[in-house]
Amino acid sequence: MATAVTSKIRFHEPQIEMAHGAGGKASRRLIEGLFVPLLCESSTGILGDAAHIQLDGVRVGITTDGFVVKPLSFPGGSIGELAINGTVNDLAVSGVKAEAIVVTYILEAGLPTEILEAEVRAMAKAAKKAGVIIAGGDTKVVEHGKADGMYISTAGIGRTIPGVTIDPASVRPGDKVLLSGPVGDHGITILLARGELDLEADLTSDTRSVLPLVEALVKAAGPGVRWMRDPTRGGMATSLNELARDCRLGVALYEDDVPVRDTVRGACELLGLDPFHIANEGQFLAVVAPELAEAGLQALRATPGGENASLIGEIREQPAGSVLALTRYGASRIVDMLVGDPLPRIC
Amino acid sequence: MKFVDEFRAPELINKAADEIRRLADPSRHYRLMEVCGGHTHAIYRFGLKDILPENIELIHGPGCPVCVLPMGRIDDGLSMAQDPNVIFTAFGDMMRVPGMNGSPLEHKARGMDVRIVYSPTDAIKIAQANPDRHVMFFSIGFETTAPSTALTLKRAKSLGLANFSIFCNHVTIIPAIRAILDSPDMRLDGFIGPGHVSTVIGCRPYEWIAANEKKPIVVSGFEPLDILQSIVMLLRQLKNGEARVENQYKRVVPWEGNRAALAAMAEVFQLRPFFEWRGLGFISQSALRIRDTYAEWDAEQRFNVPGLRVTDPKAAQCGEVLKGVLKPAQCKLFGNECTPEHPIGALMVSSEGSCAAYFNYEHRKTAMLTNISASA
Chain A
35 MATAVTSKIR FHEPQIEMAH GAGGKASRRL IEGLFVPLLC ESSTGILGDA
85 AHIQLDGVRV GITTDGFVVK PLSFPGGSIG ELAINGTVND LAVSGVKAEA
135 IVVTYILEAG LPTEILEAEV RAMAKAAKKA GVIIAGGDTK VVEHGKADGM
185 YISTAGIGRT IPGVTIDPAS VRPGDKVLLS GPVGDHGITI LLARGELDLE
235 ADLTSDTRSV LPLVEALVKA AGPGVRWMRD PTRGGMATSL NELARDCRLG
285 VALYEDDVPV RDTVRGACEL LGLDPFHIAN EGQFLAVVAP ELAEAGLQAL
335 RATPGGENAS LIGEIREQPA GSVLALTRYG ASRIVDMLVG DPLPRIC
Chain B
1098 MKFVDEFRAP ELINKAADEI RRLADPSRHY RLMEVCGGHT HAIYRFGLKD
1148 ILPENIELIH GPGCPVCVLP MGRIDDGLSM AQDPNVIFTA FGDMMRVPGM
1198 NGSPLEHKAR GMDVRIVYSP TDAIKIAQAN PDRHVMFFSI GFETTAPSTA
1248 LTLKRAKSLG LANFSIFCNH VTIIPAIRAI LDSPDMRLDG FIGPGHVSTV
1298 IGCRPYEWIA ANEKKPIVVS GFEPLDILQS IVMLLRQLKN GEARVENQYK
1348 RVVPWEGNRA ALAAMAEVFQ LRPFFEWRGL GFISQSALRI RDTYAEWDAE
1398 QRFNVPGLRV TDPKAAQCGE VLKGVLKPAQ CKLFGNECTP EHPIGALMVS
1448 SEGSCAAYFN YEHRKTAMLT NISASA
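First to last, the protein sequences are chains A and B.
Residue numbers for the first sequence follow this note's numbering, beginning at 35 and rising by one.
Residue numbers for the second sequence follow this note's numbering, beginning at 1098 and rising by one.
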């Protein structure tokens, strides 16, 4: 039995690199090649943002997330707020309303109490706003010089939102791709907050709970909502590539219709980055049946914080398994998953 | 966004594409080389091949500094940083370039102190912040980045910074173009000239290409409209039987270049008698070394550099791709053993490398279109 499992291990890289945590291709290789063969008897559903399990006949969603962002606080948010919103969002895009979160703090000896208190307060505030309780936790302290101040790990649990089933296998050609708002704000904010570049911009992280937007979309277009994902590490391009791969269809992206703030575009132009690869912490993507796409879009736009929601693409037969960006001047290019890790420790 | 959107406007792009179709003689095949890797990247990134007529073939040139650097230089640089007292600094696009025993990033994962900087002056800041350690900057690039290295050396000297040095790998563009033109298997009709290099050296250094080789060359910007406009200008010259140097990128490139930058380079650098290029072999007077007056900050003079000569893996055809003899997908390793994630050659790493650009933006699209036409 053990031999059978071992033989399924496909991850043979000699050491862990930063890229294995970047959410792109390398992360996927590690998860599919090592974690899934050893930990999961059946790999179905394991790669979603949250897992669905039956508890005494009740279907619940459960997720876990780790936060190692550097710096701990940045314009528009901080590690504590990110920990709550990130957990709530992973559940939300899996069609689950977060009910309770438990938290583990890994603290560096020497961390000023004032910083810890600020983060705990930020968590309490974010939890209240998202309507979730923090039900318990654990605290560990490591030597000075480890953990860069603090790391946070969370687990969240919640009930499934009625009227929606998230399943990439239900995605069909002709379905529309919706995006809740501009992409790239979080990643570029962190990059600038590190102060390594002599660049300044009036930009804040988009960290927030996307649950109100998800609920609005489900209310307006529930039966037509086939798939959702919050494009965090690896950005929108990586999420859409995962979708294309999972549903074995192509995603055609109308490049000019993807909302990107000028500050983010400008920073990306200067630094040679693609905004589609930059992390977000308060946006989500949804694939919606064509007949309900417009209703879903209008519902998003009518919800506070969803004003810039856009229809950014559609599902096509080809190029199967890939994402193709189309320009207004009639050209196209493949949009791949993130390779490597241009911006480590973004969340 | 200003200075970008107007050069990506669909109506202007379509107009330029129409003009290209009007000027291109359907009975003729045009082979135009974009010298600069930045152009190669832009051509794939913006999907320009989709809107060009089939008889206009763009050949990717040698203007990707990371790509032309032979592997031994990476290993030389890394060997100096084996000393735990040394901090290895380089631009981000060097980080994943494979050496014999792995890339700088892989060395970092094994414990080497490797740091990405966005400017060589950041390396100076690191040296000032770590006075008891030595900071080495792995400098690379054509005349585009050489002036900033020159200013960094001047600054290090004026600060009397003792714990800082530069491992100089700067190369110059003109000898590379000459080597391409001298190669017997290369038939070209004209050049899309380098944009960024020309902001420093100006347009005059290309005049021999027009005068002696009778090939037109148009110095070009990097937006879709810039590149299409440059192709229009090349086709016009070819149609009229002309061979001139033209400057499409006037908003950035002065005809005479940047005198201050050239002066700083002349003060700090001198030409090496010869330097090895990947794919092109040894080219005389094609690279820069640090002058003896700056020897204190020259890593090659301070450290014992092994001077490694490492040949590329046999199956890799980086050299042929660099010279434009092979298209990226024609290399035996392309997309199989060699991918952006597991690069065997530098052309698959650098954003300016033609293999990386082709892999990221084009090749599955091409494969898909081939499949569709095969099944039709």
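Honestly, the hints are just simulated from the structure, not real lab data.
Glycine is no exception: its CB is placed at the ideal position from the N, C-alpha and C atoms.
One thing to keep in mind: the hints can contain errors.
To spell it out: a stretch of chain B is covered by chain A in this simulated footprint if at least three of its residues, at any positions, have a beta carbon under 8 Å from a beta carbon of chain A; those stretches are [said to hold, decoys possible]:
(1) 1104 to 1115
(2) 1135 to 1143
(3) 1194 to 1208
Now the in silico label distances, taken between C-beta atoms and shown as ranges [as the list claims (entries may be wrong)]:
(4) Ala1412(B) - Pro105(A): 30 to 38 Å
(5) Glu177(A) - Pro1351(B): 32 to 40 Å
(6) Gly67(A) - Glu1364(B): 30 to 38 Å
We went through each hint and held it up to the structure:
1. 1104 to 1115: holds (count 5)
2. 1135 to 1143: holds (count 3)
3. 1194 to 1208: holds (count 4)
4. Ala1412(B) - Pro105(A): 30 to 38 Å: The hinted range 30 to 38 Å is violated for alanine 1412(B) and proline 105(A), with Cβ atoms some 45 Å apart.
5. Glu177(A) - Pro1351(B): 32 to 40 Å: violated, 57 Å
6. Gly67(A) - Glu1364(B): 30 to 38 Å: Violated - the Cβ-Cβ distance for glycine 67(A) and glutamate 1364(B), about 53 Å, lies outside 30 to 38 Å.
Comparing the model with each numbered hint stated earlier shows that hints 4, 5 and 6 do not hold.
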